[in-house]
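Asks: Residues per chain are reported as follows:
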Amino acid sequence: MDSSTGGIRGGRWLAFLLPGLPQALAGRVAAGGFALVVWISMCALVAWRLDRVLGSWMGPWDHRVALLSLLVSLGGVWGWSVRDALRTEPARRGWWNLAGRRFRENRVAVAGVMGIGAIYLVALLTPFLAPYEPAVQGDLLQNRLVGPSTQHLLGTDHYARDVLTRLLYGARISLAIGFVAISISISIGTFLGAIAGYLGGAVDSLVMRFVDMVIAFPRIVLLITIIALFEPSIFLIVAVLGLTQWPQVARIVRGEVLSLREREFIQAGRALGFSRSRIIGRHVVPNILAPVIVAATLGIGDTIVLEAGLSFLGLGVQPPTPSWGIMVADGRGNLAGAWWISTFPGLAIVFTVLAFNLAGDGLRDALDPRLNR
Amino acid sequence: MTHLLRRLAGVIPLVLGIATIVFFVLSVAPGDPAALYAAPGVSPEALDQIRRNMGLDRPVHERYVLWMGDMLKGDFGVSFARGQPVRDVIFQILPNTLLLSFCAMVLAFTAGVLIGVLQAIRQNSALDGVLSVLSLFFYSMPSFWLAIMLILAFSLYARNVWGWPISFPASGMTSVDHAFMSPGAQLRDRLMHLVLPSASLALVLAGGIARYMRGSMLEVVRQDYIRTARAKGLPERTVILKHGLRNALVPVITLLGLYLPFLFSGAVFIETVFAWPGMGKLMVDAYFQRDYPVVMAGALIFAVIVILGNLIADLLYALVDPRIRYG
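Chains as they are written, first to last, in numbering that gives the first Met the number 0: chain A, 0 to 372; chain B, 0 to 326.
The shape of chain A in the complex, shown without the other chains (with noise of 0.2 Å):
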């Protein structure tokens, strides 16, 4: 498995025809295959949803949306296959390569990321994938509560709704608030946690009792006592949640940046009189990229599950939008005659936040020279 030059002898002309699989049969099963297997997948699905892809570019914004993922992730697909299968220089040894190397010795992890790849682009290109249309009424009559058969693969729901469809619609309402939300946090909590560390002092103090009071909190007693405000939402719940997870951001960052501040290079800073904000935007906050970067990965898994509890709880994400909260708990009143509208959007829960999570310990491990073995 020598990944320093491609370490491809023959073949290599197949990357035009069938990207991934001079790597596949280099040896690079895992990155190779999974550019075949989208490779493969993608023009599949155009193929067998030619009239979709072909009308989507004058349909709605999500189908254009769809349209242009279909292409990119071909063409990145594409590119990515020929380029590595050309390329004769060895590869570069940066910091970041060497984690990089770490990362994918790591297959756990790399199967996270992979899932994480695999769920988003089937999110994007929903448009093309779902069978029915998400909130339209199926035939009460005949349709109501039936299980997963080959007209409905996955069942359809109390309102005759194909179970798969909605779950597909769902992915994306979950993956964009978890991405939305986390960056949010992400960026409140590394500003707060870099300027209270770098600074110190009063303003320390002030943001750091502030962090404590709001980490007390149970997160879900918290984002109630938000919610009871006002009138819940989308918007609302994005807000909510990327307003409530910062601390945690900024406490860590806060500890980094407590043991960077007296590091030479920064003292090399001071002493040749950058500004603050300079040695901080500059010269701080990208030194402790790493650990943010491992907190918004785990991050989004836990906002993936907020946000499906709060829609759980009818605090969240209104009907009739497709959440997998919601879903989860339609399926409540019809548990004992219909298992399957509860347990699939909740294995669709369990398997993305899985994913991220495997990807997060997987960054950490790669990411953290001290944890090395």
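These are computed hints drawn from the structure, not numbers from a lab.
Predicted model, so just to flag it, every value in this text is computed and none were measured.
Every residue gets a Cβ at the ideal spot worked out from N, C-alpha and C, and that includes glycine.
Among the hints, erroneous ones may be present.
Residues of chain B clear of chain A, computed beta-carbon distances all greater than 10 Å [what the hints assert, rightly or not]:
1. ASP74
2. MET104
3. VAL129
4. PHE153
5. ARG236
6. ILE252
7. ASP313
Just the calculated beta-carbon pair ranges, DEER-fashion [claimed, not checked]:
8. A/ARG260 - B/GLN288: 46 to 52 Å
9. A/LEU346 - B/ALA178: 39 to 45 Å
10. B/GLN288 - A/LEU346: 29 to 35 Å
11. B/LEU7 - A/ARG100: 46 to 52 Å
12. B/ARG86 - A/PHE209: 24 to 30 Å
13. A/LEU228 - B/ARG226: 55 to 61 Å
14. B/ARG86 - A/PHE273: 52 to 58 Å
15. B/PRO321 - A/SER258: 25 to 31 Å
16. B/PHE90 - A/SER182: 41 to 47 Å
17. B/ARG236 - A/LEU346: 37 to 43 Å
18. A/GLN141 - B/MET191: 36 to 42 Å
19. A/GLN141 - B/PHE90: 51 to 57 Å
20. B/ARG5 - A/LEU67: 56 to 62 Å
21. A/LEU144 - B/LEU7: 56 to 62 Å
Residues from chain B that keep clear of chain A, each with C-beta distances beyond 12 Å, as calculated [claimed, not checked]:
22. ASN52
23. LEU117
24. SER174
Model the placement of chain B on the given structure of chain A, informed by the hints.
Replies: Relative to the frame of chain A, chain B by itself:
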């Protein structure tokens, strides 16, 4: 001793700060609480009278001082929905949550520690791998979904399909005919109702504890005193259980405090799914009834319990590990 006093002194501003946050959240809440008590179309004079009765005619800073004073005396106001003092409601309901959380905590830590130790002594074996993935699987699971799956398996389908010997009740704390049972049957009834809620709450936590315990145990096994114990010719069981486990358990005590917020967060969902009359269900119900005083008091109580739990965990840690001295 001075450390204890200093820690206690540190808790007080934290609690007061949290109470202040809660007050200001309550006072910016949209809507006029007086309108909740008045019939629609009542005269403005009557509304004014109600506002005066509720103390809403006073300026914010005065209300804040009054509210803080009342709260320190344990008076959280009156529940809009139940018409009872919030304190009485909470006193009735808090023990149910504590019972559920305690059972779940004991279960979770027992299972988590066992699995973690098992993984550590068989490090990098197939068993270790399987248990690692399994605990991460449970760790990634939303507790409410696990609860529903357990209900599906052990309450609805047990007996009927696979002929499992036992099934457990899926809702409430007691059966309908609880009052007519003999004391022994009553106890059994209560325990049976505890099984599914505490199991679903515990399983999710146990995954995280096992992961932590594995790391802690692996750290300890590498130490010199373990090698010494083995060199002395002690049986492996004594080395692991007496010399290893005891030291590996010390950092887990901190986890006890850290997991309290997760435990209570989980309890909110579990209580809702199992119709368990506890604080979490109370807060969710209060949310839907726009019963602000109960929501606020609940949040405050949860926060205070978490702070106290962390304090106790800290002190226990210092007690167990004589190396830790707070100057």
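Asks: Determine whether the Cβ-Cβ distance between A/GLN141 and B/PHE90 falls within the hinted range of 51 to 57 Å.
Replies: Holds, since A/GLN141 and B/PHE90 (Cβ atoms, about 53 Å apart) stay within the stated range.
Asks: Since B/ASN52 was said not to touch the interface, does its Cβ keep a gap of more than 12 Å from each Cβ of chain A?
Replies: At roughly 23 Å from the nearest Cβ of chain A, B/ASN52 sits farther out than 12 Å, so the non-interface label holds.
Asks: Check the following: the C-beta atoms of A/LEU144 and B/LEU7 are separated by a distance inside 56 to 62 Å.
Replies: Given a distance of about 57 Å, which is inside 56 to 62 Å, the answer is holds.
Asks: Starting from the hint 41 to 47 Å, judge whether the C-beta atoms of B/PHE90 and A/SER182 obey it.
Replies: 42 Å, holds
Asks: Does the beta carbon distance between B/ARG5 and A/LEU67 stay inside 56 to 62 Å, or does it fall outside?
Replies: Once the Cβ atoms are compared, 59 Å apart, the range 56 to 62 Å for A/LEU67 and B/ARG5 holds.
Asks: Starting from the range 39 to 45 Å, see whether the pair A/LEU346 and B/ALA178 falls in it by beta-carbon distance.
Replies: 41 Å, holds
Asks: Just double-check B/SER174 for me: nearest Cβ-Cβ distance to chain A has to come out over 12 Å.
Replies: For B/SER174, whose nearest Cβ neighbour in chain A is about 19 Å away, the distance exceeds 12 Å, so it holds.
Asks: Could you check that no beta carbon of chain A comes within 10 Å of the beta carbon of B/ASP74?
Replies: Consistent with the label, B/ASP74 stays out of reach of chain A, its closest Cβ about 20 Å off (over 10 Å).
Asks: Quick check: does the Cβ-Cβ distance between B/PRO321 and A/SER258 fall within 25 to 31 Å?
Replies: Holds - the Cβ-Cβ distance for B/PRO321 and A/SER258, about 27 Å, lies within 25 to 31 Å.
Asks: Does the Cβ-Cβ separation between B/LEU7 and A/ARG100 fall within 46 to 52 Å?
Replies: This hint holds: roughly 50 Å between Cβ atoms.
Asks: Do the beta carbons of B/ARG236 and A/LEU346 sit within 37 to 43 Å of each other?
Replies: 40 Å, holds
Asks: Using the beta carbons of A/ARG260 and B/GLN288, state whether their distance is inside 46 to 52 Å or not.
Replies: 50 Å, holds
Hint check: no violations occur; every hint is consistent with the structure.
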